[in-house]
Structures are given as C-alpha cells and as structure tokens.
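Trainee: Next come the chains, spelled out residue by residue.
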Amino acid sequence: MLTRRRLLIAGVSAGTLAALAPVLARADNVKPSLPLKIGFVYVSPIGEAGWTYQHDLGRRAIEAAFGDKVQVRYAENVPEGNDSERVIRDFAADGAGLVFTTTFGYMNPTIRIARQFPRVVFEHATGYKQDKNVGVYAGRYYEGRYLAGIVAGRMSKSGNIGYVAAFPIPEVVMGINAFTRGLRSVNRDAQVRVVWINAWFDPAKERDAADALLAQGADLVTHHTDSTAVVQAAEARGRYAIGYHSDMSRFAPHAHLTAVTHHWESFYTRTTAAVLEGRWVSENVWGGIKDGMVALAPLSAAVPADVAAQVGEQQQAIIDGTLQPFQGPLFDQAGRQVIGAGSTLTDEELLKMNYFVEGVVGRLPK
Amino acid sequence: MSADVDLWAVPLAVFAGAIRAGSPFLFVSLGECLTERGGRINLGLEGALVMGAMSAYGGAVLSGSPWLGLLAAIVAGGLLGLLHGLICSLPRVNDIAVGIGLMLLGIGLAFFLGKPFIQPRAPGLPAFELGAWSSNPLVREALRINVLFPLGLAACALMHLALTRTRWGLALRCVGDSQDTARALGLPILRLRLSATALGGALAGIGGASLSLFYPGSWNEGLSSGQGLMAVALVVFARWQPWRCLYAALLFGGAGALGPALQAAGVTGAYHLFNAAPYVLTLALMAFASERTGAPGELRLSR
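As they're listed, the protein sequences go chains A and B. For the first sequence, position 96 (counting from the first letter as 1) is numbered 95 according to numbering that gives the first Met the number 0, and the numbering increases by one without interruption. For the second sequence, position 115 (counting from the first letter as 1) is numbered 114 according to numbering that gives the first Met the number 0, and the numbering increases by one without interruption.
Heads up, some of the hints might be wrong.
[To be verified] Here are the simulated lysine-lysine pairs, BS3-like style, with alpha carbons at most 30 Å apart:
| # | chain 1 | residue 1 | chain 2 | residue 2 |
| --- | --- | --- | --- | --- |
| 1 | A | LYS36 | A | LYS156 |
| 2 | A | LYS289 | B | LYS114 |
| 3 | A | LYS30 | A | LYS68 |
| 4 | A | LYS128 | A | LYS289 |
| 5 | A | LYS68 | B | LYS114 |
| 6 | A | LYS68 | A | LYS36 |
[Claimed, not checked] Residues from chain A shown here face chain B by an in silico Cβ test under 8 Å; the list is partial:
| # | residue |
| --- | --- |
| 7 | GLN115 |
| 8 | PHE116 |
| 9 | ARG192 |
| 10 | GLY361 |
Hint data in this document are derived by calculation from the structure and do not stem from the laboratory. Each residue gets a CB set at the ideal place from its N, CA and C atoms; glycine is no exception.
Here chain B stands alone, though its shape is the one from the complex (with noise of 0.2 Å):
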C-alpha cells in the first residue's frame, strides 16, 4: 500500500456521508413519521420520492431555477400524499396496498413524464461552505453542506413542536392513537389525516428533490435505491419521533459512506459487510431500541 493514502478521510467521508445521503432519508422519514402519527402508514412515499426528484429536475430545467424545481418537487409529492389520504379515506380501503399502489404509479409516472429530462442538465441546489477556512481540500468537502440539510433541520424543529405544542398536532395524534376516540371529540379526521398525508407525500418530494438537484445531482430512472421504502424502517426505530428521525437518517447516510470510503483507503478486505454496514446497523439498533411505546394505536396491519 502506498504511502499517500490518507486514513483522515475515512472519518471525514463518514461525516460528509450522513448529510449527503442522509438528507433524503430524512425528508422521507418525516414525511412517514408524520403520515404514520395520523394513523396511516404511506407506502407510496417512495413513489413520492421518485416524482419529486423527476418534477425537482424537470421543473429545473424548465424554468432555469433550482427553486422553482424544488418547489415542484413539493407539490408533486404534495399531491400524491393527499391521493392516499383521500383514497384512504374510503370505507374498507387498506392503507398499506394503497401505499403500494401509489408507488408503483409515481415511480411510473415519474419514468414516463421524466423521459426528456434525463440529458438535459438542471441547474443545482447551491451548497453552504463551511469548510472554507481549510486548507484541506477533504475537509472543504466534508463541510460543503447542501442547502437541503438545514431545511431538514427545520422542518423536524417544526414538526416537534406542531406535534408537542400545537392543538393541531395533538388532534392529531388523537386521530392517530384512537379513531375512536377522535370521533367521539368531534375532531374532524379526515381533514387532518389529509393535511398529513399530504405533508407528509410534501416532505418526501423534498426528499426527491435534493436526490436529483444536490446528490448524486442527476435524473435517471434508477436515481432512488429504495430510500423511500427504507424510511418506513427509519421511523420505526425513531420510535415516531421527529428528532430521532434525524438520528437514524445521519446514522444511515453516514454507515452507507463507510464502505466506499474504506475500500478507497486500502481496507479492501470483508468490503460486502462494510457495503452492508446501514442495514446491520439498522437491524442491530432497532433489536435494541424495541420497546413496544411510541407506535400510534391506529397502526395495524389489519383493518
């Protein structure tokens, strides 16, 4: 092994990792969290993801601006949040193979519409350097930090506290732990199961959009590896909590940049288990934090 190998990136790619790839988990993972506080779990965020990153990239393209892209991406997600709220809403209708459903229509949807966009190049996602101060180029590219991640931060600031502190986010809760006993207060369900749902589809259009405009920065048909469906685990072990969700996506993002970044370092050996590394850690987290609290009542499997 040569000399010019530097172990400090390991470390330093580890970090970088768990915001790069961490932000989408954790739009789509507060997207879920906050569906499934409703009492819905939303499958179809991973087809929310894949359309939000196609309209983010398209609507770049089109328009020229990032923003705007972004902005797409939102309603796109938006939309197709509130198609399951609204087909969910029906008598008799199961939530889970609705989710699935949904999936299999943004993403196909997404593939159809996006065909035209996957040579043109859209413009990206402006990115904060923090790491300007250094001299070293790795440490300049571990701080580079999309403007994305702060959003994230924000967006769980918030949703802790609609969920803590507001009477919208406690109605909902009610929705979601006791349908029942939602009904007998006369909260009105479907109005917030919807605006949840909704949010939530929002949230991981969000989560789309940094995909195609930030990381990896491009739109092709192969562009989600699953994340979507990968955040329905997240929020599981973050125990339906916004700030958890944050833990487990950084956690995630940052066990998925160890493999690549060892192997470009010289440890070569064992590289399936390093590549492995975010679902066993994810597996052995989730054995260990299995406490039975925290699930919304209204979550199961059958209705």
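One chain only, chain A, in its complex shape (with noise of 0.2 Å):
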C-alpha cells in the first residue's frame, strides 16, 4: 500500500517538466467523434466521502456540463499494479478519449498504455511522468491545511492537537508542517501529535489512533488517512475534529468544525473542453486554493464569527500570493533555522520534505 497514490516525492519533476510541457505538448490536436467516450479509474471504492468520492464529484461535474456529448464509465476499486494496467487498457481499447487515472501507483500502467494509444488523451492525478498524452495533475493541498490550522489554533482550549496520518511520505509531511504553522501563527505555544497508522484506509486503526490522541488530552484531532473515523471518534467524546478529503460534518455534525477539500470539478470540465475542442495539451497542474482545487468545507456554527474571518483573510492572502505556508524564516523541530526570513520554500523542497517544523512532537520516521 506504500506505492498508492500520494508518493509525490518524486514530483519533484514537476517544476522542470513544467518547463518541458510546450515541448512535450504535441498530441494530435483533431476534435474526437461524439460522443466523447471518457474513462475513470479509481483505487478505493466510491463511497460517501474521501479521497474517490472527491474524484466521483468531478465525473458527475462532467456529466452535468457535457450532457450528450461524453459518454462517462469508471471502475471503482481497482488495485495498483497489473490489475489497473488491464482496466485502464480496456478504455482504451473501448474507444475513449479521454481516461482519468486517479492514484499515484497508476503512473506506469498510464504511461505504457498511452504509448500504446498515441490518440487518447490521459490524464493522471499525483504522478510525476507526463508524455505527449499524458498530463499530470494534483493539489496544494497544504494551503488548506495552513487554513484548517488557524482554525485549530482559535478553537482548541488546550493546545493540544491531534494528527493521525497515514504514511510518513512528504506530502502528508508537508501538511501536518503546513497545519502546524497556521496553528503557531495564532497560538505560540500549541503543540501537535502525531500517530502514524501505516495505511490509507482502516477504519479500525485510525479509530484507535484517534482514541490514544484523545485519550491524551488532545481537544482536536484531524487526520490524512480515508476514512471518517477520525471526525466520529471526535464526535463520541464530544471534542473537535477537522476533517480531510471530503466534507465529513454529515457523520460527525458536533465535532467537525471544517475540512481540507479537494476539488477537481473544474479541472475536469476544462480538460474535457479542451479535448471536446481538440487544444488540449499535456501539462503539469499542480493548483492550491486560488485554482479552486483545494478548499476549506464549511465552517461549522462552533466557529465564531472573529475567527471565521480571520481563515477568510488569510485564505485571501494566500489567493493573492502574499501568504505563503512555508515562508521563513521556518525552524525544524530542533530549532534549527530551515530558511530565513523573506525567504520561501520551493516546491522542489516543499515535494522533498521529510522533517517536522517546530511545534511537532515526536521524531519522523526514517
């Protein structure tokens, strides 16, 4: 389960691919027949929230704009490996398009696939290798997880907060820093904890994770994991919650104060359009809060109108690029001085992260 979808490590690549794309963009550019036959692949089953459901909400958004001209199927629950590499093939095969891959271990079943079918256009969401008819895309996630920080920050009485995450990989490093941050920034002394499960989806374990937090006096907990265990363990004690993914106030309605969403409707309408159109060309999306691709959910009643406007003020700093998470000066957990002041991190640096910002507890994992 360590290969699925998020290892972003790699995407390293995606500041010097960025510059290859006018390059590599070279797919034929004819309009396709109608309807448009376009294809989704997704890891875990769609459910009613997280990770696939965000991805289901943008194939519905495609279906509501294009009506009669596309021709929408997807296959749920499909494991990484040779498994996808079948599924993916056979959309293809099948006359499509246009195929969203939508998890990181997809990267090179997409990649051998489009060389095969140099006319269909792939798009592949977390991965770091483009072709000509493969274009990649994912979200800056950790801008709203800055956001749902300073959310904590106001809301926690304790300054004790809670963070089950997944695997220690530097994207959900980079958004347990980035929470952190937003939550130093309104209250110094604040403290987070971190229990790390070793899988993306166990409802079990992370229902453990977040019972030991809370156990330990944590007042809110939030999680990088799939499940809405988190936010209903926050719920059965009557304590905070922030979920992730997807807005989880449905199954949590006390507890859950917001959520860090991803969006991909608009993404997805406009690669369809610019296939629909015959421009489309391969790229490297990689878009935060202003592109709409990821947001805050929401902000419960709990949340007071003071607060509420303060998220409101520093999400406009970040729209208008005068916030940055990770500006300096940035101090790891040891105090060391990471950059300085009027300095920010690069998204080479910010895809390579692997150490905790001060206000951690607990060591990284190696």
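Reconstruct the complex from the two isolated chains, following the hints.
Mentor: Rendered as structure tokens:
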C-alpha cells in the first residue's frame, strides 16, 4: 500500500517537467468524434466521503456540464499494479478519448498504455511522469492545511492537537507541517502529536489512533487518512475535529469544524472541454486554493465570527500570493533555521520535505 | 515533551483495546474453532464477517434497532457457513478452496448490497459503563465494555461445555478426528458438520456486527482488515480450545492498541515495530506453543 497514489516525492520533477511542457505537448489536436468516451479509474470504492469520492464528484460534474456530448464510465476499487493496467487498457481499447487515472500507483501503467494509444488523452493524478498524451495534476493541499491550522489554533483550549497520519512521506509531512504553522501562527504554544497508522484506509486503526490521542488530552483531532473514523471518534467524545478530502460534517455534526477538501470539478470540466475542442495540451498542474482545487469546507456553527473572518483574510492572502504557508523564517523541530525571513520554500523543496517543523511532537520516522 | 502526557493511558488503552478490538477476533475464532472441531477449515469466515457487518448495519438502519441488526448478522453469517458445509459435503471438494471462494463471495456480496448503507447512521449497540465510579475519563473509557463481549464470554463457556460435556460435542469431535470412525459408529456426519459450520458462520457474523455496530461503528467497504483470516491463525495458536481462543483474541486486540497508545504518549521511535506487535506476538507465541497436540485429525491439506 505504500506505493499508493501520493508518493509525491518524485513530483520533484514538477518544475523541470513544467518547463518542458510546451515541448512535450504535441498531442494530435483533432476534435474527437461525439460522444466523447471518458473513463475514470478509481483505487477505492466511491463511498460517501474520501479521496475517490471527491474524484467522482468531478466525474459527475463532467456529465452535468456536457450531457450527451460525453459518455462517462468508471471502474472503482481497482488495485494498483497489473490490474490497473488491464482496466486502463480496456478503457482505451473501448474507444475512450480521455482517461483519468486517479492514484499515484497508476503512473507506470498509464504511461505504458499511453504509448500504445497515442490518440487517447490521459490525465494522471499525483504522478510525475508526463508524455505528449499524458498530463499530470495534483492539489496544493498544504494551503488548506494551513488555514485548518488557524481554525484549530483558535478553537482548541488545551493547545494539544492530535493528527492521525498514514505514511511518513513528503506529501503527508508537508500537510502536518503546514497545519502546524497555521496553528502556531495564532497560538504560539500549541503542539501537534502525530500517530502513524501505516494505512491510507483502515477505519479501526484510524479510530484507535484518534482515541489514543483524545485520551492523551487532545481537544481537537485531524487526519491524513481516508475514512471518517477520526471525526467520528471526536464526535463520540464531544471534542472537535477537522476532516480531510471531503466535507465530513454529516458524519460528525457537532465535532466537525471544517475540512480540507479536494475539488476536481473545474479541472475535469476544463480538461474535457479542451479535448472536445481539440486544443488539449499535456500539462503539469499543481493547483491550490486560487485554482479552486483545494478549499476549506464551510465552517461549522461552533466557529465564532471573528475566527471565520481571520480565516477568510488569510485565505485571501494565500490567493493574492502575499502569504505562503512555508515562508521564512522557518524552523525545524530542533530549532534549526531552515530558511530565513524573506525567502520561501520552493516547490522542489516542498516535494522532498522530510522533517517536522517547530511545534510537532515526536520524531519523524525515517 | 510536555508534561501533560499521561503514561498511565498506555496500559489503560491496551486493556480497553484488548476487549474492544478483541471482540471481533473472539467471535470469529470461536466460529473457526467450532468449524475445525468438525474437521473442516472455513476460510470463508472472513466473508461471513464482512457480510455480517453489512447485514448488521443495514438491518439496524432499516429497522432502527441494533438488536435486529445483530440478528440479521447471525442469519447472514449462518447462511454463508451453511453454504460452505453443503458444498464441502459433495465428494472430492476441497474445503480450503471453497472457503476462499466463499470469502470472495461474502465480501463481494456485502459490497454490492451495502452500497446504500455507507452514509446513513445506524443506531449502535449499547455498552456497559463499568467505569462510572471513576472520575478519570481514561478509566471510564477503558471500562466501557461493549455488550457483545459478555456474550462472547458466554459463547466461550457454552462451546466449552458443549464440546466436552454433551453427546453432540463428543460426536462432533469424533467426526473431526476421524470421519471413518464416525461412519463406523453410525454418526450423522453431514448433519453434525452442517450444524458446526453454520454455527461457526453465525458466530463470525456476530464478529462483523461488533465491527459495524460498536467499534469502529460504521459500515464501509474497507471495514475489516482481515480479522476473519487472522482468526484461523488464532485458532491454531489456541490449540482448538474455546477458552484459549478468548486469551488469544484479548492478546491480539491489546497488542493492536499498543502502537497508537505509545505514539500518542510521545514514544514515537520504532513505531513500525509497535504497530506490528500483534503479529510479532502471535508468531512468537505460536513458536513457543507449537506442540503437535490438539489438532482435529481430519484437518489435512490434501483430501
């Protein structure tokens, strides 16, 4: 499972490949015959919340926007590896003009099949390998994490925050760090405790981890895992929670303050329109709040108006580019300065992040 | 590390985890124990567990009562167990292969039928608040015993009595040890095995209900993390004795709670090792307890 979607580490090449994009972008720009067949490959069941659920919202947006000009199919719960190659090939061989492969582990199968089907456009989520008919896309989830950290810092009384996390890889570490920086920007003494569960989706383990953190006095928990178990654990104890991937408020109506959510609707409809009009080019998209790919779910009624206003201001600052979650001075856990005032971490540095920032308790497993 | 960390939380969490996470293991391993005592291995109990979890949740959502949900889980698990028994009664059928087939069937069926139940909230099973006397929330939490656990203890005792003190139990053990002997004695082999596998499936169904209706208390496709398969190993470890199934389940559940509890208490080094504790422990204990006794004679890989 470690190879699952978000081993973004290698997305290091984001920058370099983006520079190459105009060169790589040489798809055969012809308008496809209608209806355009579109395929989605999902790594987990769609369910009612989570990573795949958010992608499926994007799929439904395509159907709503283009009606009978498109014919959309999906395959859910497709394991990474050989199975996924078979499913992706099925879509391509069936005459699909556009295929979205929505997890990191589909990267190599996508690239291999794209070479065999040069007229089919592929879009691969969270990978780093591009080709002339393969685009890649991901979200700057850390921007949302920073804002969620502000909410946490204002709402927590104890300043003891619990964080249930899947695997110690850069994308997850980046999220913990951004959250902690947001948290400490409003509460200098607050601390984040992390429990690793070594699984993206395991409701029982997630619940165990959340309960352990709550038992240690955390009055707010958040998570980088797929199920709704963490927010439900907080609900059961009358504490606060911040969800991830999806708005999870209906699973924890009192505990749920907000959630860092993913939004693929506009990207998916834009891409579909480009393919329909024969003007699609291979790109590397790493979009954040400004691009509408990452957002905070509506704040719950428990969040006072002044906190909401502060979050709104900071969100605007991120959109305007005046605030970067990782702008200096930035200190790591041991108090060493990573970068000074006036500079900010580059995308490459973000995608390699392998240290905790000040405010996170416990060592990062290497 | 800040001073507010409470190391007492760790043993309390292990204790609570033993009962909470141990409950599904207890039921499935009792189910497997009973099945194997009749001379069959039913790997399909994982399917019965997932199907039970779905049926319990769906039943509770539709009827509004967790008890009717529990009943649905017992029926669903029992039917899958019965199916295993029936198919295996045909000549030259391998029970392990059938079990794997039933596991996939149960999981697939549960996913298919369970789609509409992912979002609605089902009423959960109640718990006994044995820690109400304490002002410490940690103690109260640890002594919050789910209602299925005493049921599991009762099932344990009943199965022990049934196997050692009743005609039915003696006959079942005979069937499990030597089918030829049983045939010579004129025992109703098919009926005994069918009842054992069906009961075993029903027990696994209760295990599923404890997952979906108590802890973690929701239904979705990834709910089980292989508890049904681990139970097969636990039965070997328990030397096919119901009471030892209880110890094995408690040990396994408690070890599972160790990793998160230590991490939350600030012991973050070597977390991989702590998270692997249940497996390491099981392996170690199995290595120690590997006498060649206790296994029903009919349990052979080739038939």
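Trainee: If a hint holds in the structure, say so; if it doesn't, say that too.
Mentor: Okay, the hints, checked on the actual structure:
Simply put, LYS36 (chain A) and LYS156 (chain A) have alpha-carbon atoms about 52 Å apart, too far for the 30 Å limit, and the pair is violated. Restraint check for LYS289 (chain A) and LYS114 (chain B): the C-alpha separation of about 34 Å exceeds 30 Å, so the hint is violated. Proximity of LYS30 (chain A) to LYS68 (chain A) is assessed by CA-CA distance (about 12 Å); at most 30 Å being required, the pair is judged to hold. The suggested pairing of LYS128 (chain A) with LYS289 (chain A) holds, with an alpha-carbon distance near 24 Å, which does not exceed 30 Å.
For the proposed pair LYS68 (chain A) and LYS114 (chain B), the alpha carbon gap of about 29 Å is at most 30 Å, so the pair holds. The suggested pairing of LYS68 (chain A) with LYS36 (chain A) holds, with an alpha-carbon distance near 9 Å, which does not exceed 30 Å. Evaluation of the GLN115 (chain A) hint against chain B yields a violated restraint, the C-beta minimum of about 31 Å exceeding 8 Å. Annotation: PHE116 (chain A) was flagged as interfacial toward chain B, and the flag is violated, the nearest CB pair being 30 Å apart, outside 8 Å.
A hinted interface residue such as ARG192 (chain A) counts as satisfied when its beta carbon comes closer than 8 Å to some beta carbon of chain B; here the least separation is about 6 Å, so the hint holds. Proximity of GLY361 (chain A) to chain B holds as hinted, the smallest CB-CB distance being about 3 Å (cut-off 8 Å).
When held up to the earlier numbered hints, the structure conflicts with 1, 2, 7 and 8 and fits the remainder.
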